[in-house]
Structures are given as structure tokens and as C-alpha cells.
Amino acid sequence: MARQEPILVQLNIDGKIAYDVAEFQIEETLSEVPDYRVTVLDQVASVSALLGKPCQIKFVKDVYADAKPREFAGIVMSVERVVTRDGSPALTLTIRPPLAVLGLSSCSAVYEKKTALDILKLVLERNNLKKLKVTGSKPTVARDVVIQYNENDLDFVRRILAEEGLTFYFHDGSSADTLVLHDTQKPFPTSAKAIKLTDSELSDVERMEASALTLRQRLRPNKVELLTYDPEKADKANAAETLSLDAKLSEKPAVLEYRPVTVPNGKVSGTEISVAADATRRDEYGLTGVCEHPGMYLGQALNINSNGHSDISGDYIIVAIRYTPVRGNALQCQFDAIPKTHNAAPARLPKPQIVGVHNAIVIGGSNSKAGDPYCDAEGRVHVRFFWDKEGENTVWLRVSEPYAGKGYGAQFIPRVGHEVLVSFLHGDPDAPIITGQIYNAKNKPPFIEKNTTRSGIRSKLAGEANEWEFDDKKGSELIAVRAAKDYNLAVNNDATRDIKKNETSTIGETCKLEVKKDFVTKVSDSIKITAKDRTSDIEKDEKVTAKTITLQADTKLVLKVGASSIELTSSGIKISTTSLSAEGKSKVDLKSSGALSIKGMKVDAKADTALGLQGLQVSLKASAMLQAQGAICDVKGSGMIKMQGGICMIN
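Oh and the sequence shown: position 408 is 408 in the numbering used here, straight run, nothing missing.
No wet-lab data here; the hints were simulated from the structure. We put the CB at the ideal spot given by N, CA and C, even for glycine. Among the hints, erroneous ones may be present.
Straight-line alpha carbon distances no greater than 27 Å define the calculated DSS-like cross-link-like pairs of lysine-lysine that follow [claimed, not checked]:
id	residue 1	residue 2
1	K58	K114
2	K599	K560
3	K223	K196
4	K540	K528
5	K528	K517
6	K53	K113
7	K389	K130
8	K591	K606
9	K114	K131
10	K574	K587
Pair ranges (Cβ atoms, derived) [claimed, not checked]:
id	residue 1	residue 2	range
11	I598	K560	19 to 25 Å
12	A495	Q552	50 to 56 Å
13	V60	L104	29 to 35 Å
14	F386	E125	18 to 24 Å
15	I363	I527	24 to 30 Å
16	P350	D42	37 to 43 Å
17	K560	F470	24 to 30 Å
18	T506	D589	46 to 52 Å
19	G508	N443	31 to 37 Å
20	A234	I527	54 to 60 Å
21	N443	D486	23 to 29 Å
22	S310	P350	37 to 43 Å
23	A483	L104	55 to 61 Å
Start from the sequences and build out the full structure, keeping to the hints where you can.
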């Protein structure tokens, strides 16, 4: 179909001012903010008054019965006052959809458990773009954490959408200012019916002629593989996809990419590998054409019929358009398209790396106080970065430890109010990890003093602290261990203590010592025990070997075995027993400076050779009978012998 008459382009500003456009250049590309540049004749309007005004650009002449001319919407981003060749005053305006305002903003923020659409909405709200209509695909998988650090808001949003295979464009077929999100794994929504074109060599009254068509094809890798580390499984994870090549190559080019953090949840998902594969394919095939169709949309279906060029003929998807004037006010559209069988995946945009170490603060729950423990079952703590302006965005972070094994290692989990140092694995903003803690004006070191020689560890929740202190001061070197309450020491095998000088132990209450087998104590000098009471309970034997043993009691010393006892007091010794035996191999002396009394129901004094009883006065008295008998009985007195009795018999 041939164009019937020139098409007029009209600019409407803020619904009040209408201009016929003298010159224009309109560019739209998938996943990029459109750029509309128009020149109008005007010598009155204030340049500054036009900035930020909403605009509409219309191809006002509907010359094709089957093609409604396009409309474009945006706001004035820049204004230039220019002088045309004929000297007429003119204004050149750059108009872009309001989304372009994000390019003027940058921010640092944390987004936790949010989808790409959630993040987009938050960024739009922060820039007061809540009225921007967003439609199309809605991602449902939430990311663990996404960090934006000193990154342009527009670049950030484009990057996040591209990482999930979401492309975007403006105009859903009915509203020029609608932002359309599209999952490139799915067919594009229908904004307008398919456009049918033919090349200049083929005349077809049912098709519009394309004045130029260019098909290009490039080599690309035949395999894409993604590799990552999955902290949930503490193992690497990977996904691969082999891509078929039309060109037959003996070479096997492949892409192997390591991604520190993948979507979703640290795993290489099937969606992500598909998006990566599609991004690799996106430049393999491309069709560029030129026509005068006034109603082309991004994502619109395109059918090409080329005379004698079967590789050009086929179905395509429009991915870029560029409108410019030709021959007066007529328009020309240069377009880019890809085969319909290919997904229009956006290129993966580079993620800004975060270098260096950042500091952050550990936060807790609503009732948490400074110093309280607040971590999850994996030992992760809740952190807020100081560069987070809102102060409401937090993230759970793993904590680096000097020693980390399977159920063993070191564990010093930061607590509420602690200032921590955060590094980013591989420089990836979405892979933060706590690598240390630092003191500040609120949290002072435990052993701080000028030129201190003390170091160590002190842990504290409330009240007293647990402490392990080292002091390297010359002449006063010290290791001190202090327990706030209990102290437990468990040794599976041997324990050795070697103390070169003195040891002092002070126990406030009870000391209990249990030895399962032998207890050996060796003292080179002396042992002194001071106690109020002492009790020894020995189930079997006790043996004491010494040169001299002295047992001293101020009042009484009692030795007791069963019913027998020996009681020593300051006034005497009392032996109480059922039977008493005293035996001397050579001699037994019973001696008293006063009186010596031997008394019993029966007393036998017997000697194998001789028994002598001697004294200044010796009295033998029996209340019934006294008998002295022997083979020879010798009774002798140097002074006098007196025998007296009721009956006295001498024979």
C-alpha cells in the first residue's frame, strides 16, 4: 500500500499548548527508556516553565484503514532554544516517560524477601512515581536479599528486571504512558494486530512495502553453564543448557559463568539458566528494516514476505523502532526484529561491585535492648547499614568465624547494638557477610587503658562478666580466668598442672573431690590442714607410715573400734574393751608414781620363770581366799612377815 499524503506530527504540552512538529526523532527499544526528541516553532514559551510538563506526541493523520497511528507520552526532560536555518525561533524538547526520572536519582538501600516487582514499586514510590501504571508479567519469587549501593535508580531497576528475564516497554496498545513488564519466556501480549510487510522486489496490495530489509546472523556459543555456591546445602550447584547451532562448527565455544548469588534463594534455577541462554541467543539473528508504517509497537508481531529470499521471509517480533521525518512531514520507521522463535531476553547488565568493608549495626526485636542476643537458628544476625537513609531496611547476615567446622569451632555472634564489619563475597552487593566487629563510643573495649598490656575476652549479658584476660606487663605477666557464675572443666584423658611456686585456692562454700581410682599426693616438705571439723570415711584400710606420728587434741582423743575404745584426756587414759591383752616380747612395765591398781573378777599373774612383786609395802588381799602355791614357795621379809586370817594354815 502506498502512502496517500504526508503524516502530520503534533505535540501537546500539559493539555494546554499544541504545536505542529517541525522535526522529530522517536526511539524505542526493549528494556530501555524511550527517547522522543521534537522541534517546534515558538518564541514565547519560557524554557524553564516547560521542564517536567507532561506531553503527548501524536501521528495525527490516520492514513491506513488497518493501522492506527502511534501516540507517545512523557514529560519534558530538557529544553533547548534554537534558531532554525530560516531564522525562525524554535524549541527542541527531549521528552521521555516519567520512568526516566529514576536516572536522576541514586540510592543505597536493602531489599529483603522482595520480588523484582516489589523492588520496582518501592523505587517508584521513593521517587514519587506511584501513579505510573505498571502492567504485564508479575514475578512471584522473592529474593533473599538485594542491595542497591550508590547505584542510579534507573540502572538498578533495569538490572534487577533483566536478571529475572523481564523486559519492559511503554504503551500497551491503549495507553501510551503504561509501563508494560514482560517475561520473555512467554509470548508477547498483543498491543496491535500483526504487521505484514513485503520487500521492494515483491508487490503485494495486502502488505506495506519495506524499502530496505537486512538480515544478519552471527556465531554464538553452543553451551551456557552457570555455577554457584549454595549455602543452604554447603555445596556448589550448577545448571547447564546446550544451544543448537545452525552453523556446523568443529569448535565448541561455551560460556561458563560463576554467579556468587543466584535467583532465587542461592540456587541456580531453571528460569535463570534459560534467561542466560536466551541472552546469549539474542544477537544471533537480527532483521533490520525501513518502512513508513505509522503504528509500530515494541513486542508486536511482524510477518515478512520476501521474493526469493526464504531466509528473510518469516515471523518476527519487533524489538526496536526509530521514527524520523522524510520528505517534509512524512515519517519513516526503521525497525529491528528477531525471529518469533527466539526469546527477546534483555542483556544481563553489569552489577556494580562493592569494594572495601562496610560498617553496620546489629538490631533486634521490638523488645530487644543493647547487648541482647538476637540471631536465628543458623547463627545469622539482623543488620542495618549506616548508609540506609530510611533506617527501616534490614538484612539477615551470616557471620564469619576464625574457626568453623561441623558442630565445632569458634562462635562469637554479634549482639544487638554491636557495630560490625561487612564484606561482600566477590564484590557482589547481594552477597554480604559479617567479617568482624569494632568498638565505638558506646561500646568500649574491656581492657582499655593507655599503652595497655592487657588483652583477652570478656563476655557479658547482665551483671557479672565471663572473662579470659592476658597481661604481658614485664614482671607481672598474667593469665586470668573469671566465671560470672559457674565454671565447668571436662578433660577426656589426662590433665597436667605444673606450678613452679605457690598456689592459693579460696572456696567460698563447699569443695567436693571425687576420684574414681587412686589419689596420690606427694609433698616434699609439710602438709598443714586447718578445719573446724574433719571427717574421713574410708571403706577399707588406711595406712600411715612415718618416723614420728603425733596426734594432738586440746580436750580429748578417742580411738574406737566397735565396742572397744581408748580415750585420752588431759587427766588420763581410759581403755574400755571386752578383752585386753598386753604382751611384751622381753619386758612389760606397768609403773605409777602414785598407786597402781589391777582389779577384776579374776586376776592371774603368771610367769614362766619368776614373778616378783616388790614395794615398800605390798598387800595381797582377797575378800574370800588368797592362795599362794608353788613347787617351792619362798616368803621372805627382811623386817617382819605378818600373816593374818580367820584360819591360818601352814603345812
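Outcome of the hint check:
1. A hinted pair counts as satisfied when its Cα atoms are at most 27 Å apart, and K58 with K114 does not qualify at roughly 38 Å.
2. Among the hinted pairs, K599 with K560 is consistent with the structure: their alpha-carbon atoms are about 23 Å apart, no more than 27 Å.
3. Distance check on the hinted pair: K223 and K196 sit about 34 Å apart at the alpha-carbon level, beyond 27 Å; violated.
4. The straight-line distance between the Cα atoms of K540 and K528 is roughly 25 Å, inside the 27 Å bound, and the hint therefore holds.
5. A hinted pair counts as satisfied when its Cα atoms are at most 27 Å apart, and K528 with K517 qualifies at roughly 24 Å.
6. The straight-line distance between the Cα atoms of K53 and K113 is roughly 36 Å, outside the 27 Å bound, and the hint therefore fails.
7. Restraint check: the Cα-Cα separation between K389 and K130 comes to about 20 Å, which is no more than 27 Å; the hinted pair holds.
8. With a CA separation close to 18 Å, the supplied pair K591 and K606 stays within the 27 Å bound.
9. Restraint check for K114 and K131: the C-alpha separation of about 21 Å stays at or below 27 Å, so the hint holds.
10. A threshold of 27 Å between alpha carbons decides the hint, and for K574 with K587 the separation of about 22 Å falls inside it, so the pair holds.
11. Under the hint 19 to 25 Å, the C-beta atoms of I598 and K560, about 24 Å apart, fit the expected range.
12. The hint said 50 to 56 Å for the Cβ distance between A495 and Q552, and at roughly 36 Å that hint is violated.
13. For V60 and L104, the Cβ-Cβ distance of about 31 Å falls inside the hinted range of 29 to 35 Å, so the restraint holds.
14. In this structure the supplied range 18 to 24 Å holds for F386 paired with E125, their Cβ-Cβ distance being about 23 Å.
15. A beta carbon spacing of about 58 Å between I363 and I527 contradicts the range 24 to 30 Å that was offered as a hint.
16. Checking the proposed 37 to 43 Å range against P350 and D42 shows it holds: the Cβ atoms sit about 41 Å from each other.
17. A hinted range of 24 to 30 Å is violated for the C-beta pair K560 and F470, which are about 54 Å apart.
18. Distance hint check: the CB atoms of T506 and D589 are about 51 Å apart, consistent with the given range 46 to 52 Å.
19. Between G508 and N443 the CB atoms are about 32 Å apart, so this pair conforms to the stated range of 31 to 37 Å.
20. Between A234 and I527, the C-beta spacing of about 56 Å keeps the proposed range 54 to 60 Å intact.
21. Taking 23 to 29 Å as the suggested C-beta distance range, the pair N443 and D486 conforms, at roughly 26 Å.
22. Separated by about 39 Å at the C-beta atoms, S310 and P350 satisfy the suggested range of 37 to 43 Å.
23. The hint said 55 to 61 Å for the Cβ distance between A483 and L104, and at roughly 59 Å that hint holds.
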